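*Asks:* This is what each chain is made of:
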Amino acid sequence: VTDGTNHPQPETLEMFAGGELPGADGAVVESHLLGCGRCRGEVEEWRHIFHSLAALPAYAPAAGFADRVMAGVRIPHPWHVQVRAWAGAALPRLVPSTPSGWAAVAALLIIPALVGAIFLVWLLSHPQLTAEGLLAFTADRSAAAVGAAFSGALHWLMTTDLVARLLGIGAEIVDLRGVAGVGALMASMGAAVALSLWILYTNLVRTPTREATYVSYSI
Amino acid sequence: VDYQALTDQQVVELARAGRDSAFRELIGRYQRPVFSLIYRMVRDRERAEDLAQDTFIKVLNALDRYDPRYKFSSWIFKIAHNTTLDLLRRKEIDTLSIDGSPHAGTAAEQEASSLTPVSGTENPEQYAENRELGGQIEAAIARLRPEYRTAIVLCHIEGRPYDEIADIMAVPLGTVKTYIHRARNELKRELEHLRI
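In the order they appear, the protein sequences are chains A and B. Position 69, counted from 1, in the first sequence is what this note's numbering calls 175; the numbers after and before it change by one each time, with no gaps. Position 89, counted from 1, in the second sequence is what this note's numbering calls 93; the numbers after and before it change by one each time, with no gaps.
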């Protein structure tokens, strides 16, 4: 901290004036300053400089700066914003403005509801049909439809070129290399899984240590 | 929306959702510090305006790439610093007076290229005195190397901590400390005659 003449180093005085010297070192300098006018003057000079720098004014760009910037900015429009904008523009046009228009809308809404309600009452009044039976029938048919869709999707996936090629490569490895081939195949799949888990971990769980790594500065 | 109660990150989220006023809020929050930094680097109002405009357009058009866990200020200052350094490297920028461009041919041009500080609560004498002292300090800052200039402005005028300055300038922390130490000593030598 001190030079050969027992005065603190110039850098130390500069740091002290800027409040950058840690506790113990700061206390040593402070006690030295009590009896040393030369160093006190040096610290005062630094403080004046720091104060003058901090007191420099901010400058403002010319009026209309925000408008000029906004002219070059592409404002994103997420789908829900676009839907809301579309609905905001379209709905007023759909609202009827005459009594006959309102009557037509009411008829459009009431007729299907009425027909549906009559059909439901007729179904439930039939001696063989109950509400529970209808629910069970609907659930059974829905499950069958979902199962058929899943099975169809799986069948489609297995018949695609990519999957067929991958299966072919796997079979070749097993045929050519035997147990060692199977081992190699399993090891590469294991490595791929481990890599995926690591990528997920680093992006979702781990706290980054340095801001610059994760902020996209590459503009 | 009461923007005053929102953090930069929250305002960025609103801007990402397509809210025009959130973009304007970000411009309002940072136009003075960003413009001041750039102006102190290039010392020319017109160039500083263009560079500040470029900086904001780059940043606001890239908000989807910004990670809100980190400081928005570091990011925008970094873009401003890089944009300005690119220009300084491409062109030889003159050191200009705070009173206007030396290329100004008429009094009107000189007036147009000079700047009036934002603050101003002093009486006329204090204003003139502070303006003269401020002018001397600004001129001394302008004579520093660009790296020293950025470091000293961010540290002493914008009040940014060393680690943030290191991030903004993309240099190690030790280098920032060296820049600031050397810049301070150069300023001290330059301003010795003022006995400040």
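Since the hints were made in silico from the structure, they are not lab data. Treat the hints loosely; a few may be bogus.
[To be verified] Quick list of in silico lysine to any residue cross-link-like pairs, SDA-like style, CA-CA up to 25 Å:
hint, chain 1, residue 1, chain 2, residue 2
1, B, Lys-181, A, Val-179
2, B, Lys-181, B, Glu-136
3, B, Lys-192, A, Arg-180
4, B, Lys-75, A, Glu-148
5, B, Lys-75, B, Arg-147
6, B, Lys-192, A, Asn-112
7, B, Lys-192, A, Val-201
8, B, Lys-181, A, Val-149
9, B, Lys-62, B, Arg-49
10, B, Lys-181, A, Val-187
11, B, Lys-62, A, Leu-140
12, B, Lys-95, B, Gly-32
13, B, Lys-62, A, Val-179
14, B, Lys-75, B, Lys-95
15, B, Lys-75, B, Glu-50
16, B, Lys-181, A, Glu-148
17, B, Lys-62, B, Pro-72
18, B, Lys-192, A, Ile-181
19, B, Lys-62, B, Leu-137
20, B, Lys-181, B, Asn-86
21, B, Lys-62, A, Glu-148
22, B, Lys-181, B, Lys-62
23, B, Lys-75, B, Leu-10
24, B, Lys-192, A, Trp-152
25, B, Lys-181, A, Ile-181
26, B, Lys-75, A, Cys-142
27, B, Lys-62, A, Leu-127
28, B, Lys-95, B, Asp-71
29, B, Lys-62, A, Ile-181
30, B, Lys-62, B, Arg-51
31, B, Lys-95, B, Pro-72
32, B, Lys-192, B, Lys-95
33, B, Lys-75, B, Asp-48
34, B, Lys-192, B, Leu-177
35, B, Lys-192, A, Val-187
36, B, Lys-95, B, Leu-67
37, B, Lys-181, A, Arg-180
Since we're looking at a predicted model, the values are computed, not measured.
*Asks:* Given the hinted pair B/Lys-192 and A/Val-201, is their alpha-carbon gap at most 25 Å?
*Replies:* violated (74 Å)
*Asks:* Decide if the proposed pair is consistent with the structure: B/Lys-192 and A/Val-187, CA atoms, cutoff 25 Å inclusive.
*Replies:* violated (56 Å)
*Asks:* Is B/Lys-62 within 25 Å of B/Arg-49, Cα to Cα?
*Replies:* holds (20 Å)
*Asks:* B/Lys-75 and B/Lys-95 were given as a pair; does the straight-line alpha-carbon distance stay at or below 25 Å?
*Replies:* violated (31 Å)
*Asks:* Take a quick look at whether B/Lys-192 and A/Trp-152 sit within 25 Å of each other, Cα to Cα.
*Replies:* Status holds; Cα separation ~8 Å.
*Asks:* Within a Cα-Cα threshold of 25 Å, do B/Lys-181 and B/Asn-86 meet the stated pairing?
*Replies:* holds (20 Å)
*Asks:* Can you confirm whether the C-alpha distance between B/Lys-192 and A/Asn-112 stays at or below 25 Å?
*Replies:* Judged against 25 Å, a Cα distance of about 23 Å means the pair holds.
*Asks:* CA of B/Lys-62 to CA of A/Ile-181, is that 25 Å or under?
*Replies:* Holds: B/Lys-62 and A/Ile-181 sit about 13 Å apart, inside 25 Å.
*Asks:* So if I understand the rule, the pair passes when the alpha-carbon distance is 25 Å or less; does B/Lys-95 with B/Pro-72 pass?
*Replies:* violated (35 Å)
*Asks:* Has the given pair, B/Lys-75 with B/Asp-48, been kept, meaning a C-alpha gap of at most 25 Å?
*Replies:* violated (28 Å)
*Asks:* Within a Cα-Cα threshold of 25 Å, do B/Lys-95 and B/Gly-32 meet the stated pairing?
*Replies:* violated (29 Å)
*Asks:* Would you check the hint for B/Lys-62 and B/Leu-137, treating anything up to 25 Å between C-alpha atoms as holding?
*Replies:* Not OK: B/Lys-62 and B/Leu-137 at ~35 Å, beyond 25 Å, violated.
Going through the hint list in order, the structure does not satisfy hints 1, 2, 3, 4, 5, 7, 10, 11, 12, 14, 15, 18, 19, 21, 22, 25, 26, 27, 28, 31, 32, 33, 35, 36 and 37.
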